[in-house]
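Participant: Protein chains in written order, with this note's numbering: chain B, 2 to 314; chain P, 2 to 314; chain H, 2 to 314.
Incorrect hints may appear among the rest.
Listed next, the stretches of chain B that the computed footprint assigns to chain H, with coverage defined by at least 3 CB atoms under 8 angstroms from CB atoms of chain H [to be verified]:
no., region
1, 37–51
2, 75–83
Restricting the straight-line Cα-Cα distance to at most 27 angstroms, the calculated cross-link-like pairs of lysine-lysine (BS3-like) are [to be verified]:
no., chain 1, residue 1, chain 2, residue 2
3, H, 100, B, 106
4, P, 73, B, 106
5, B, 44, P, 106
6, P, 196, P, 209
7, H, 100, P, 73
I should point out that these hints are in silico values taken from the structure, not numbers from a laboratory. These numbers come from a predicted model, not from an experiment. Yeah, the Cβ is synthetic: ideal placement off N, Cα and C, and Gly gets one too.
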Amino acid sequence: MSKKIDWMRKDLLGLEDLSKEEIDLILETAESFREVSERAVKKVPALRGKTVVNLFFEPSTRTRTSFELAAKRLSADVLNIAIQTSSVSKGETFKDTAKNIEAMKIDIIIMRHAASGAPHMLARSVKASVINAGDGSHEHPTQGLLDIFTMKQKKGKIKGLNVVIVGDITHSRVARSNIWGLVKLGAEVTVCGPKTLIPIDIEKLGIKISYSLKESIKTADVVNVLRIQHERQQGGLFPSIREYVNRFGINMEMLEEARKDLVIMHPGPINRGVELTPEVSDGPHSVILDQVTNGIAVRMAVLYLIAQRREKA
Amino acid sequence: MSKKIDWMRKDLLGLEDLSKEEIDLILETAESFREVSERAVKKVPALRGKTVVNLFFEPSTRTRTSFELAAKRLSADVLNIAIQTSSVSKGETFKDTAKNIEAMKIDIIIMRHAASGAPHMLARSVKASVINAGDGSHEHPTQGLLDIFTMKQKKGKIKGLNVVIVGDITHSRVARSNIWGLVKLGAEVTVCGPKTLIPIDIEKLGIKISYSLKESIKTADVVNVLRIQHERQQGGLFPSIREYVNRFGINMEMLEEARKDLVIMHPGPINRGVELTPEVSDGPHSVILDQVTNGIAVRMAVLYLIAQRREKA
Amino acid sequence: MSKKIDWMRKDLLGLEDLSKEEIDLILETAESFREVSERAVKKVPALRGKTVVNLFFEPSTRTRTSFELAAKRLSADVLNIAIQTSSVSKGETFKDTAKNIEAMKIDIIIMRHAASGAPHMLARSVKASVINAGDGSHEHPTQGLLDIFTMKQKKGKIKGLNVVIVGDITHSRVARSNIWGLVKLGAEVTVCGPKTLIPIDIEKLGIKISYSLKESIKTADVVNVLRIQHERQQGGLFPSIREYVNRFGINMEMLEEARKDLVIMHPGPINRGVELTPEVSDGPHSVILDQVTNGIAVRMAVLYLIAQRREKA
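If we strip away everything but chain B, and leave its shape as in the complex, we get:
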C-alpha cells in the first residue's frame, strides 16, 4: 500500500502531471466507491449541494453518462451542456462561455473538446475545478485511470505488468493517458500498430514499439485495444480496413499464441469484426464490461477527491 497523501489539485487534466502517489490515491479511493454501485441504494451524500456541469463540445454517450451517474450517485446536482445547444453557436468565444459558467457558481466542470489543451485553458481561467473528459488526441485521464484500475483488479498489480497498447497510437488520447499512468506505476508498456500511426519519438516516454501484434501478444499480460476512428482513414496514413484487421485485429486464432490469462481491454464502442472478432470481445479474456463498471467508481473517486480538496481550500 502506498504512503497516504492528500489530494491537492484543483483540476484533473491529464495523467502526465500526476505523481505515482496521486494515481495510487485515486485507485484506492475508487476501490472504496466500487461497492456503492452494487448496493440497493446506490447513493452517498458526499457531493450534496455541489453543482457539476458536463460541458461537452464533442458528442459522447458513454463518457457523459458515466460521469453523470457518478455525480448523481454522489448526490451532486448535474447539468448537461452540449455544444449543439450552447451559445458557442451564437458566436460567443470559448472563454466567455467559461467565465459565464464560473459566474453561476459551478463547483466542477467536466469538459470534452476536440482541441488539445482546451480544458487546461479553461482550468486557468476559472476557479471551478476542471476534469478533462478527453481533449483532442492529447489525454483522457479518467479513461486511463479506469483502464489501470481494471488491470490492477484483474492482475493484482501494475508493476512489471507487460501491457501492449494496439492501434492508432498517434491520434489516441486513450493511449497517451494509459502510457503516462502505466509507466509511472512501473508497467512495461509496448505500443503496437502500423508504422504510419506510431509517433517517431514515442520511445522517449520509456516504452517499446512493435509493428507486429502477432509477436507482441505472445508475452503480453494485457492488450489494450484502441478504437479505430473510421473518419481518420481519409488521411492516407491509415491502411485499408482489411489490411488493418489482418495485422492488428484480434481473433481466436491469434489468441492461441497468447498467455492463457491474457486480459483484453477496449475503451468502447467496439467496431465488431474490426479491432476484435465477436468471439474475442465476448470471450473469457475480455474485461470490457468491467471497464464500464469501474469507470463509474473511478469517476466517483475523482469527483470526491476534488470536492474534498475544495472544501478545505
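Could you slot chains P and H onto chain B? The hints should help.
Facilitator: Just chains P and H now, kept in the frame of chain B:
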C-alpha cells in the same frame, strides 16, 4: 377486489404476457399513487438510490416526460439517452449498447424502439429490468394500462364494457396493448376502421370488427381513438384524409347517436380536425387529459412493483 | 426599505404588470438567496417535491441553465423540454401541449417562445404558474429584474439613476423589461440607437431618446448594452456592422468622456468587438459576470415567491 398476488416479473414488455391478476395489481397500485401527484410535496422515497434510464430510439416528448416525472416523483435518479446522442451512431451494435448500460448498474431501462421485439431482446440480455415504452407496431403496455385505468375510473368497471377502438389498427401498438388488456379483463372490444387498416385475423383475439363508426358508436361505452400517422399515408393503404375524416372522424353530429355517458379517449397528440373536431376533444365526453394524469400514476406503479421485486430477488 | 407586501400573482409574465412594491419584494427576496450559491452546500429545501418544467421553443443555453440551477438549488424536480423534441413537431397545437403539461401536475412552467404573448396565452389556459423566459420582442422579465438587481447592488439605489439602454430597442425584449422596471422604480431612462431601431412612440413610456451614445454616455450612471442580433441585419433597418460599431460600440476611448464609476452591463452573449471591445467587456466598468451570478438569485426568488403563493392558494 382481486385476489392479492405479488409482482414476480423482471420486465414489463407487453400486456399479452400478463394475467388478469397482474393487470389488476398494477391498476390497484396506480390507484394508491394517484394522490401523490396531487400533494403539495409530490415525492415519495420508494426508488431512492435506484437508477432509471430512458433509452429512446424514437423521438417522444410525452411518454418520455411521463416516465421521467414518474421516476423522479419516486426519488429515482433518471438518465435520458436519445438516439441522436447515442453511440449507435458510431456503429455500435444494439446489444453492445445494452451490455454497456447494464455494466453501469442501471436498475430499470425504459425503452422505445421502432423495431417490434427490440425491448424483448434487450430484456433477455441484461439483468436490468426493461419496460417497453413502445416497440414498432407491437405493444405500448403502459399506454394500454393507463387507458384501462381511465376507463375503470370513469365507468367503475371493465368487465362487460363495450369498447370501440377506431383508426389504423394494423400499425397501432396502442390498439394491440388495449386489446390484450381489455379482453383479459372481460370487456367487449370492437375494432373499427377502413378495411385496409384492420388485420384479417384479428377476430381471433376475441374481438369484433366494424367498418362503420356511425354504427359502432351507438352502443359504445368507450371509444378509444387512435392517432393518424400522416407518414403512413404514402403506402396507398390509407384513404385520403378527407375520406377518413368523413367516415372515422368524430364530430358533434355523430355524437347525437351515441350514449349520453360515452367516454372518448385518445393517446395524443391529437390531429385536431382529423380524428376529433375541437368541440369533441375539448367536450364533456373527452377524458384525454385524465389519461395524461393517470399515465404518471400507472408508470409510478409499474416502476414501483418492478423495483420492489428486484429488492426481494 | 419598502412596505412589506405578499406576492399574490400566479404568474410572472412581464414587468409592465408589476407594481413598484412587487418589484421591490422580488429584489429583497433575491438578496437573501444570493448567499445560497456561495455556500459549500448550495441547496435549500424550499421547493422539494415541486415540478418545474423548462419549456423552450427557442434555443437557449444561458437562460435555461440559470433557471435549471435556480430550481435545483431550491430542490425542485426539473424537466427540460426543447422544441426539437417536442410534439409540436408532430403537428400538435400549442394549447394541447400546454394542457398536457398541466395534466402532468406541473407546478411551474418556465417558457421561452418566439411569439410575443405566447406565455400569456399559456398562463390563461393552465393552473400551473408560468414564468416568461422571453417572448418574441416583448418582455424578458427575469433579465430585467437581474439587471435592476445588479444596478442596485453596484449603485446602492435605482431612484434617480441615469440609465442608458443602447442598441436595437425596437426588437429587444430585454430593453422593454428594463424600461418598465426602471421607470417604476424612479430611474431616468434614455434609450439610444440608430433612428431605424427606436420605436417612434417610445417616449410615452416616460423615457428619453438619444441618437448619440457619445453624448449620452457622458452623464450616464449605467449603460445597459443590448446584444446585436446579426440575423436582424437582413431587414435593411440595420446599418452596416462597421457603421454600428463606430457610433454605438463602446471602446476605451469613448469611456474617457464617461464618469469614473460608470457601470456597463450586457445580457450576453457578447459579440466581442461589436457592442464592446474586449478591453471594455473585461475592464473595471463591466459587471457582466455579476449579472450572471445575480440571475440565479433573482430566479430563485421568483420561483420561491410563486411556489409560496401556490401553497397558500
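Participant: A separate judgement is required for each hint: does it hold in the structure or not?
Facilitator: Outcome of the hint check:
Three residues within the 8 angstroms Cβ limit are the bar, and the region 37–51 of chain B against chain H gives 3, so the coverage statement holds. Coverage of the region 75–83 of chain B by chain H holds [criterion: at least 3 residues with CB-CB distance below 8 angstroms; count 3]. Note on residue 100 of chain H and residue 106 of chain B: the hinted pairing is violated, with a Cα-Cα distance of about 35 angstroms set against a maximum of 27 angstroms. Note on residue 73 of chain P and residue 106 of chain B: the hinted pairing holds, with a Cα-Cα distance of about 25 angstroms set against a maximum of 27 angstroms.
Proximity of residue 44 of chain B to residue 106 of chain P is assessed by CA-CA distance (about 12 angstroms); at most 27 angstroms being required, the pair is judged to hold. For the suggested pair residue 196 of chain P and residue 209 of chain P, the alpha carbons sit about 13 angstroms apart, so the restraint of at most 27 angstroms is met. Straight-line distance between C-alpha atoms of residue 100 of chain H and residue 73 of chain P comes to about 21 angstroms, which keeps the hinted pair within the 27 angstroms bound.
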